[in-house]
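If you want the building blocks of each chain, they are given just below.
There are 2 protein chains.
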Amino acid sequence: MARKPATLRDIAKLAGVGVSTVSYVLNGDEGRVSPGTKEQILAAARELNYRPNAIARSMAKQKTATIGLIITELQNPLFVPVTEGVEEVLRLEGYHIVLASTYDLQSEINAIELLRAQQVDGFILMSLSVHLPSDHLAQLDADDVPFVVINRDLEAGLFNQIHFDDRGAGRTATQHLIDLGHRRIATISGVRESTAEYDRRRSAIERHQGWQDALESSGSPSGEDWVFAGNYTYEGGYRAAQQLVAQARNSPQPPTGVFIASDMMAIGALRGFFEAGLRIPQDLAVTTIGDPPYAAYTIPPLTTLSLPVVEAGRVAARLLIDWLKFGKPAQSQQVLLDFELIIRASCGASLKT
Amino acid sequence: MARKPATLRDIAKLAGVGVSTVSYVLNGDEGRVSPGTKEQILAAARELNYRPNAIARSMAKQKTATIGLIITELQNPLFVPVTEGVEEVLRLEGYHIVLASTYDLQSEINAIELLRAQQVDGFILMSLSVHLPSDHLAQLDADDVPFVVINRDLEAGLFNQIHFDDRGAGRTATQHLIDLGHRRIATISGVRESTAEYDRRRSAIERHQGWQDALESSGSPSGEDWVFAGNYTYEGGYRAAQQLVAQARNSPQPPTGVFIASDMMAIGALRGFFEAGLRIPQDLAVTTIGDPPYAAYTIPPLTTLSLPVVEAGRVAARLLIDWLKFGKPAQSQQVLLDFELIIRASCGASLKT
DNA sequence: TATTTTTAGTGAAACGGTTCACTGAAACGG
DNA sequence: CCGTTTCAGTGAACCGTTTCACTAAAAATA
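Here the protein sequences line up with chains D and F, keeping their order.
Counting with this note's numbering, you get residues 1 to 353 for the letters of the first sequence.
Counting with this note's numbering, you get residues 1 to 353 for the letters of the second sequence.
It is worth saying that the hints were derived from the structure and are not from the lab.
A portion of the hints provided could be inaccurate.
Which copy? The list can't say, so a pair holds if one copy fits it or any two copies do.
Stated by the list, open to error - Cut-off 25 Å, straight-line C-alpha distance, at most; resulting in silico cross-link-like pairs (DSS-like, lysine-lysine): (1) K38 <-> K61; (2) K4 <-> K325; (3) K328 <-> K4; (4) K63 <-> K325.
The structure presented is a predicted model; accordingly, all values stated were derived computationally and were not measured.
Could you put the whole structure together from the sequences, leaning on the hints where they help?
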């Protein structure tokens, strides 16, 4: 095995042709070279165990066929499906992905700088929960760097953006309980407590509005008294569940269902309900939003709305590809994606049938 | 903002010097250039908003300052901490990481080919559960490509390898129950059922041996009758728990503790125990191995052994850096890492105090 | 002052591909 | 048979850096 990898020149020498011919053959440019020499070159390449140097190619073509995927919070279970969606689309087009994980504004800027230095052809930026200012995005835009953002609360119409329909999700999750015959439906939401993270608050507000929408349109009681703050955390969900139980025990008309605005809170709440001796879903039906792998393994498994995150990845990739191929779109694209309802045991749907 | 990014030549022209001088200044080569011109060059670079082209640099230096991290099963929650460990060490040395996820042999080979074409300076390969043949690793070795493998069952001494002490983990998890006063300790293991995935079987066997070790050294009854096959899955753990409960109900001397060889099985088993009306840990104390994020959120939270996976990443990175800096080590390195005991509620330790 | 050393800076050759402009020969059309 | 087109293939410039070998002037040394 050669220490130094073989180059086009080596092949050219071995096959007795010019380097440009070799290049044409190896890149499959048909009709430029006769079958005879073509075969010779291929044989020489095989013999020398040739492996094209992507760096040199990028240098010459002024393209890397690589896009940067920047994600906040690598820990978040949503990140894997996004990359899957992105990868699925980009691979077909011959692009590669390089991944960068960030956790705050500065590290995001660093990541962008780094990847620009690596000459990526474009970016996909996905925020899972953090809102970040958009100055540096405006900069990207000004520099004519192709990019798409997912789930980020920015001035509409400014960039190519993909969003999740949080309000619709809150509505669907609540409506599902209504459809199962529930009339008094509480909620554990992130709204009441202020959060430093803007984006989280926005989605909390929207999901909460969805809950209200559903109640209103069904003519159910407004439920104002049955809102509990969970702060989007396991602990918060746990405490909110305790409060809910306490209030329900003193109420002549306790809720029979609860919409919990995030999976983490739902898992905490499940523990609270369990400790209080409540049976789910018999005593209280539960729906939530977010479908991490373990949502199927709770007791009982959670009925939930899954973020269409694979699809978000696909759409982002397609938007980016279009830009790369046909130039910047005349006007920036806005996409709103629906959540998918996943029915498991916590809503009690199976009890009905 | 310039459409085309500025190059060294642009700066050289603007500052009225040669390009090599600019290169020296920008790379901080002290003492080669007078403070005056240095300042001029810096000013010019700032003005042109210069961003070095990493591709061109890699080309010239024949190094990319990038290493490839190849991981099977991106879904696995272990993957994030590995990359954290790797990143922590590599960043200090000025290296970047490019990530590739694989799921079978062919895709692993593809990933290696791809990254070699991208001219990465070295590899870290981490298997989380799949055993793959090593021919292509031997090839890497023959080509003098620096690499380190984590958690892979290969002929000892062949390559730089990092392993987890599965047997010690099984021993510790069981011993912890013994220390809490338990004498009859069952196990749910992956051993009895054959698995296609070799690696998984190996770790299953070792963890099982650890359980035996602990029982023997404590003079406890051997427990042969209390081994249940869980096949390393949620479903398997669930069924094994049912079998365990059934057998315990007919036994004059039922076990008071159980060591479950993987977190997934433990979560399934928890459900089985719950449905059977068993209280954990009062009726049965549980320990397991593996600490995914949700292990703290089960009911009750799991006492478990955490894989030192951040440390594995760090060690791998350091081994690789050494190779990169000082050349291939005279003999390949072998590292065995201990698991860390994380005490939560499922073992009942808190009840004792 | 004559000689050596240091300082400050330079031009050009890599690195490994791609691609443009070009050529000589063969094939073709009338 | 001549002019034109197609075919098969080539050399060299270029992409943006790094770095080697070199120089002219200044500084240090004797």
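Against the structure, the hints come out as follows:
| no. | hint | in the structure |
| --- | --- | --- |
| 1 | K38 <-> K61 | within (23 Å within a copy, 32 Å between copies) |
| 2 | K4 <-> K325 | between (35 Å within a copy, 18 Å between copies) |
| 3 | K328 <-> K4 | between (41 Å within a copy, 16 Å between copies) |
| 4 | K63 <-> K325 | within (12 Å within a copy, 30 Å between copies) |
When the structure is compared with the earlier hints, no violation turns up for any of them.
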